[in-house]
Amino acid sequence: MDLKAIAIVVSYIILAPVAGGLLAGIDRVISARMQARRGPPLLQPFYDVFKLFNKENLVVRRSQNFYIWFFLAFVIFTGALFFSGGDLLLVIFALTLSGMFFVLAGYKASSPYSFVASQRELIQMMAYEPMVLLCAVGMYMVTRSFYVSDIAFSHKPLIIYLPALFAGFVYILAIKLRKSPFDLSLSHHAHQELVQGMTTEFSGRALAMIEIAHWYENVFILGFVYLFVANNPLAGLAVVSAIYFFMILVDNTFARMKCRFALESSWAMALVLGLGNILVLFFIKR
Amino acid sequence: MPFLKKSPWILHYDGSSCNGCDIEVVACLTPLYDVERLGVVNTGNPKHADIFLITGSVNEQNRQVIHNLYEQMPDPKVVVAVGICAASGGIFSDCYNILGGANKVIPVDVFVPGCAARPEAIIDGVIASLQVLEDKRARLAAMSAGKEEFIVETAAVSDSAEILALQKLAYTNEAELYNDFSLSPLRQTLDELREDFETMTFLKAVMNGKIVGSVRAFALGDTCFVWRLIIHPLYEGLGIAQRLMDEIENRFTCHRFEAFTGTKTKRKIFFFQRRGYRIFASEQVSEKRGRVYLEKVRKAETNV
Amino acid sequence: MNLLLFLIGFPLALAIVLLILPWVGLRRALVRIGAIVLSIATISLLTLHFSKDILYFDLGSGLINKAMIGIEALVCAYIIYMSVRFKKYWAGILSLLQTAMLIVFELSQGRAAHVEHNLFIDKFSVIMALVAGVIGSLIVLYATGYMQQFHHSYHKGLKDQRRVFFPVIFTFLSAMFGIIFSNNLVWLYFFWEITTLCSFLLIRYKKTAEANENSFRALTMNLLGGLGFAAGIIYLQHFFGIAGLDQLLMANKTGIMLGVVLLCFAGLTKSAQLPFSSWLVGAMVAPTPVSALLHSTTMVKAGVYLVLRMAFVLQGTLCGFLVALIGGVTFIISSLIAISQSDAKKVLAYSTIANLGLIVLCAGIGTYEAVWAGLMLIIFHALAKCLLFLCVGEVEHKIHSRNIEDMEGLIVTMPKLSIMLQIGIAGMFLAPFGMLISKWAVLRALVDTNPLLVIFVVFGSAATVFFWVKWMGKLIIVSHPKPEMESGISRWEWTPLVLLSLLTIAICGFFPLVSSNLVEPYVIEIYGKTFTMSAGNIHIMSLMLAMVMLFPLSFFNYGKKVKVVDAYLGGANSESRTEFSGFRGEVKSIELKNYYLMNYLPESKLLRLGVLVTVIFMVLMLGAVWI
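Taken in order, these protein sequences are the chains called A, B and C.
For the first sequence, my numbering gives the first residue as 54, with consecutive numbering after it.
For the second sequence, my numbering gives the first residue as 4, with consecutive numbering after it.
For the third sequence, my numbering gives the first residue as 207, with consecutive numbering after it.
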């Protein structure tokens, strides 16, 4: 690994939680304003996490926190691999690996709420994985490479070539960001679903780690959105901000749907939008 | 670091409330009062919560639940009793089914009076509890850092005077419960206590040179009898009783442990039950008070 | 060549000896020695052939051909007898048809087509030999301990037929090596039919009505494939003079497609692709070593072996595309069905069918990338699936149930077995383990040639994540304390399990070596170029593997600084940690049951859909030969 890659990885590890926390803060403030409230201070997520470090570490089973550590480790690994320009397919599979550790943590806690939440999380993972993989395939078809570095610097406006895939990706973004209508297993702050979903039996430091891991994950996911408009950095940032705002709007206006709907609609989107886009590209390129 | 003040997470529980206070609590989350600007989040889960917000009083059905929820909250934690029912039973305090306010079961830090308590008062109460929370956190941190550590060690006959004083202080509260000041711990003399040292093992918990807790135990056959578990009222909730009991259970190799306490001393009953004790007998000692006997049979348990 | 003959002949000889010898102890010892000898022999095959290219061998064929014809006739007679006895006439009819067809053809025209080399060996054969020899031997060792328990403790009512069991297993292994090393298509067919017969005998081991039923289903479907095989051989020899695999691969593509398709058809039935998947699911009634050996690791691999051999011919053709479609549909439908299964062996069976479908997909595409992926899939799947089957067998013996729901808390009651189960499950779908590498390669292979097939891989792999993690999670939940029950497992069962677990991890760590020494040379031999994983990606995979391997270490610093409390049950926890006070104060226990989505992904409807679609594809495939 060359020096540049190491520098990117280190800066991701240090800066991503800061960015992620600020994003979470922005989310809460904008949501509050949409509800005609003031909302918490922008740095509230950081206060939350620091407070959690001061709390006692309660567990139901002694080894349940290990899974959280590995969840965090692999989320960082995924993001680091992504931002240092690695193979996109490997990135997606690493994300699945980290998600699996989170699900297993929910199982290990051996409590009804976290158990059901883990099952739902698995269904959600099953729902978004085809779409994400198809996006990667679509990007390959345009740029002839699976490497994020090649895709990001290809100077091709991927969103023009992959409009349907982009739309489908935004659809499943709600699942990844854990927002309505698809926050079935674990809803973010102040929203309860299955009590607190998979994090029900975690407290103190472990809960803080989960929160930080979600920040890393959100930064990575928004990075993925950025890839679609990577040819123009300013436009890219604008699109990412617009999409994030759009997700917050959707969160505040839609109710939570059932997991059956989440699965069916995500797979239908992947099949129709994803396959459609890819086939069109295939025949055009011929 | 004062982050507990900036991010207090609430567990809102309704005891036997008419829901009047509950509606006011929920009203605090609405745009008009918006407690989220203080960082308050209503988590439904004790493991995530800092503040236990209780409305309504304690009755037979919910006393175990309140105790469970309190036990499942991580330290540091505070309890805010909202409304007069949570404070003392309110207008229902004489009812046959109401045991009283929340402080019958768990230690309450802040009382918010009212029927129903107004959102402004509730918010005031929560903010007042934040300072208590911060103090607890500081004390716990100091204890774990070794600055304000308490140690559990065997007491000597020379400690008997201090232990007797503590005993009288601790049991005064219990006497008030029954309105019966003829309790034997209050009437024990110093000589009798010194005699007890010969037959029983005495443990003391010392903090900053002061005895803040004590327990005594003796073994008869395969049963260890645990007597007079006392904690200084100002030092409750710091885990001293747990440590004393841990030490007793480590030192005695009996298979069975027995303890007793008054029927109305719910906190102590729950404390023992949490440690695996079960009530197996009760008797009426005098017309004003009764006693329950608890026992624990030791067995191995794996925990993965 | 002597080593090849040894590998084919030794198990057969051992089988005959085992049938004759009367002493139980001696027989058992011989079985164990035989298994170890086989594995040593295959490893020495690896070292001997390590740096060589494809090698062909001559073997005087006159006598052997006549012997084969004779044995085929005997087998046919036996099958007819069995089918009449049990009134399953189709088996008898099919067997009669194909044997008669082939014998008549052989005797009349067979001499015209001359195969120069009857046996051969290349890197692909070495891989398959290692799978059969090493993994197969481990299963045989395991079986000595397992069958002992099976009869003495768990199935006391069943007749102890181990005297016949092990000879049949060794005969099967011998036939397996025969398939792997045969270049002569008729010899391949002969060994193929022997494996069908062995499978039939082994599935009916328990001699219950269900076992009988399923064994005939397996027999009939495999014979149907055999009929296709025979027809294909006759077609190729009669019209094109092709009698050997090497000739097939070098022939002009026009016209031979019908023969190729018929051979593929045989491969598809043998590997239980849709629409022929029901025999494999039904075969799970056999004892676990049979399920592991035949129905996941070796025999069904023979089916995909044949299809994969013909990948080069299928490349770029419409027939190949349809074969790939059949594989793809099988992959996704089986993965979806596996979600709704709670019987552990059925989950493993459907997962096997799904993975074989993926390999068939690779074979149908036929590019060098796809073949690389297919070979890696064979290796990794054989290892992980074998480990899983053997573990499930042990668990079934101890908890008397195959239901995944009964495996809750296994990490406390049977820690070592549950860890091995988790290694096996991880090996099946998780990055950075082998199957993931293969899926990654499949995707890369597909994007360049045919994006439509990407759909199957993408949706199917999402489904596999669900049912594997579900199972893994079930193992680690501890909601009720239970006693430990891992005693009473012999070292003949432990050793293969431990070795397989270590191998699964090691092969993943060393997969670049496996790739460059075994897989890539084969691909280069056939295609002239090969697919490698870039060094950067290899480093990343190794890093991931190292990180995952840290996980067990965390158990050393076991939860020291945490405080154990009860789970959140709405505050209604009662005295025991896993019970709560319910309605009217009644104490109830918590129950955690997995989602199976049975109404949402019903097995029968999905199967019907899959069968319909694949039958259409098969018909199209037969039609496409004329294009």
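Worth flagging that the hints you see were computed from the coordinates, not collected in a lab.
Be aware that one or more of the hints could be misleading.
Claimed, not checked - 27 Å max Cα-Cα, derived BS3-like pairs, lysine-lysine:
(1) 552(C) / 459(C)
(2) 213(B) / 139(B)
(3) 459(C) / 294(C)
(4) 459(C) / 413(C)
(5) 139(B) / 291(B)
(6) 311(A) / 811(C)
(7) 293(C) / 311(A)
(8) 107(B) / 769(C)
(9) 688(C) / 735(C)
(10) 769(C) / 459(C)
(11) 735(C) / 338(A)
(12) 171(B) / 9(B)
(13) 365(C) / 735(C)
(14) 258(C) / 604(C)
(15) 362(C) / 139(B)
(16) 413(C) / 362(C)
(17) 794(C) / 271(B)
(18) 271(B) / 769(C)
(19) 794(C) / 811(C)
(20) 413(C) / 9(B)
(21) 8(B) / 258(C)
(22) 811(C) / 688(C)
Claimed, not checked - Cβ-Cβ distance ranges computed for the label pairs, FRET-style:
(23) 818(C) / 22(B): 41 to 49 Å
(24) 198(A) / 829(C): 58 to 66 Å
(25) 691(C) / 68(A): 30 to 38 Å
(26) 738(C) / 57(A): 19 to 27 Å
(27) 337(A) / 748(C): 35 to 43 Å
(28) 313(A) / 256(C): 27 to 35 Å
As the list claims (entries may be wrong) - Here are some chain C residues pointing at chain B (derived, C-beta under 10 Å):
(29) 777
(30) 780
(31) 787
(32) 788
Yeah, the Cβ is synthetic: ideal placement off N, Cα and C, and Gly gets one too.
Which numbered hints fail = 1, 3, 4, 5, 7, 9, 10, 12, 13, 14, 15, 19, 20, 21, 22, 23, 24, 25, 28 and 32
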